[in-house]
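**Q** Protein sequence lines, in the order shown, are assigned to chains C and V. Here the first sequence is numbered in the working numbering, starting from 1 and rising by one per residue. Here the second sequence is numbered in the working numbering, starting from 1001 and rising by one per residue.
Take every hint as true, because none was put in to throw you off.
Straight-line C-alpha distance at most 25 Å; calculated SDA-like pairs for lysine to any residue: (1) Lys88/C to Gln99/C; (2) Lys1158/V to Arg113/C; (3) Lys1158/V to Gly46/C; (4) Lys1158/V to Leu60/C; (5) Lys151/C to Gly1187/V; (6) Lys88/C to Ser109/C; (7) Lys88/C to Leu202/C; (8) Lys1158/V to Glu100/C; (9) Lys123/C to Pro83/C; (10) Lys88/C to Ser1172/V; (11) Lys1158/V to Met161/C; (12) Lys123/C to Gly1161/V; (13) Lys151/C to Pro1183/V; (14) Lys151/C to Met1185/V; (15) Lys151/C to Leu1157/V.
Bear in mind the hints are in silico, worked out from the structure with no lab data behind them.
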Amino acid sequence: MTGQALLEVEDLRIDLSVNGRRYPAVQDVSFSIRRGETFGLVGESGCGKSITALALIGLLRNPLSIGGGSIRFDGQELRDLSPDGIRKLRGSRISMIFQEPMTALNPLSPVGRQIAEMFALHKGANWREAERQAVEALARVRVPAPERRVKDYPHQLSGGMRQRVMIAMALACGPDLLLADEPTTALDVTVQAEILDLIRELSAAQGTAVLMISHDLGLIANMCQNVGVMYAGRLVEQRAADNIFLAPRHPYTQGLLAALPLLGARSKFGRKKLKEIEGVVPPVVAFPTGCRFNPRCHAATDLCRAEDPVVTSLPDSGLVRCHYHD
Amino acid sequence: MKIGANLLIGGLLFAAVVIAGTLAPWLAHTDPVMDADLLYAEEPPGAAFWFGTDAQGRDIYSRVLYGARISLTVGIISQLINTVIGVCLGVSAGYWGGWWDDFVSGLTNMMLAIPSLVFALAIMAILNPGLSSLLIALGLTNWSFTCRLARASTLSLKSQGYVQAAKVLGYSDVRIMLTQLLPNMLGPIIVIGTLGMGGAVLAEAALSFLGLGIRPPFPSWGSMLSDARDQITTAPWISIFPGVAIFVTVLGLNLLGDGLRDILDPQSRSRRA
Chain C
1 MTGQALLEVE DLRIDLSVNG RRYPAVQDVS FSIRRGETFG LVGESGCGKS ITALALIGLL
61 RNPLSIGGGS IRFDGQELRD LSPDGIRKLR GSRISMIFQE PMTALNPLSP VGRQIAEMFA
121 LHKGANWREA ERQAVEALAR VRVPAPERRV KDYPHQLSGG MRQRVMIAMA LACGPDLLLA
181 DEPTTALDVT VQAEILDLIR ELSAAQGTAV LMISHDLGLI ANMCQNVGVM YAGRLVEQRA
241 ADNIFLAPRH PYTQGLLAAL PLLGARSKFG RKKLKEIEGV VPPVVAFPTG CRFNPRCHAA
301 TDLCRAEDPV VTSLPDSGLV RCHYHD
Chain V
1001 MKIGANLLIG GLLFAAVVIA GTLAPWLAHT DPVMDADLLY AEEPPGAAFW FGTDAQGRDI
1061 YSRVLYGARI SLTVGIISQL INTVIGVCLG VSAGYWGGWW DDFVSGLTNM MLAIPSLVFA
1121 LAIMAILNPG LSSLLIALGL TNWSFTCRLA RASTLSLKSQ GYVQAAKVLG YSDVRIMLTQ
1181 LLPNMLGPII VIGTLGMGGA VLAEAALSFL GLGIRPPFPS WGSMLSDARD QITTAPWISI
1241 FPGVAIFVTV LGLNLLGDGL RDILDPQSRS RRA
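So here's chain C without its partners, still in its complex pose (with noise of 0.2 Å):
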């Protein structure tokens, strides 16, 4: 768990083609996980999150594919892998799990067989020993009564217990890098409770490196040790999780921060209006001139309309995109 950057994404661009013609969906994208960190991923729905998940584990799908840039992942140039290479790596040392619990067993499989099949396909078990790791695995993922329950079908279970085996099936390899999708965002918040405990035990316990993204900054403040804020496919703010919900430095996530909904506030004047940042995301093909947050930012200016703000580095080492950044 020391320094070293287990996965490192430099400049990285994700194209989109429409007609012939290709918009940078994501782009300048740079940032590094170290082994058994958190990172997570910040922003609203269609900001280029789950794009640049499945461009590091290569299931970038027409009309999307990388435009440059590179990620390094143990030193390995993830992009010079074959296909097949990097199907190899899926799985066993990047894993990843989804939002939605509901849909991502197969009906027709027992769940207990699911998880077995991550280990007879990456560490070559034969049946007999691989379903008996399969009822370890769930009893890792704290399922009640493990050896009755992987003989059950996903329509069987809660979501919050198929959220247990898609964990259970996306650790079984003990993997250096877990990505994970909005997790907990399809489960009711008792559980989410439960499912992030479980992700940061099991992490903590295999050395795991976990890429959380979400939109929601509470779980991200509590989950993650360094936090990305990505705004219209790039990073915009780029800080120690401490440091960027104390003092955010960027208007979006000044924004972002100011719209959570506190519990029992009030106002004066009673109920208290819960903030917004006006307007929505642009989409990629119509990217704003300038700053790409200029026409929802509160402080925007002639400069911002104008001309793109470079990256700037803070003192306390955290990176921001603004020109007006202090």
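Model the placement of chain V on the given structure of chain C, informed by the hints.
**A** For chain V alone, kept in the frame of chain C given last:
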């Protein structure tokens, strides 16, 4: 789960034909080919010859029983070949897309444009008549519906979460097709396969009737019908019984297919409920 009348009747009819075919050596009264006796030619149905005799004095009851073997062999095996071809092409085309999909879709449309019986006729005309040629001719010409179904199912299934999850967890393409796609489309494939089997039985009868399938003296229902043409007014039983056998088999398979669809297709199930 309630078993529908279709499934029950179809299953019973089909089971009867299967039993008749399998137990033919024990159920038959005489050898279907060798026991010809011109003294008893064109006997009407009666106690000695349940279904009567044909122009060569052969027992029609025995020949119809043995005919079931040929019809079922051709029906089942050729439809299995069709299903395997259709599923392999359809699933791979739907999953991989691109030029392979264009190629397979084009081929499928071409096959659909040519009536499969005409295609089978052409193949039979090239090959020598006989059982194995029949299997090839009927097995290679009727996979287009299965292929279309498999391709369409693949297209809808491949965006499902569990297929995506399997991809993310490192399943190879072939493993995804076998463990995630195929089991989830098996219901409709079985339905189409059962209905296609009825079609194959009919096609076999038609080819044999035209003299391009099983050649006389071997007892195929189609060739028996063909032989009986001249006596249709004087000795109608020679054509009636093989005709009824074809009718019962195809009806049984079609009802069975419909019945299976009622069970296996969730949409038709919810419509009924």
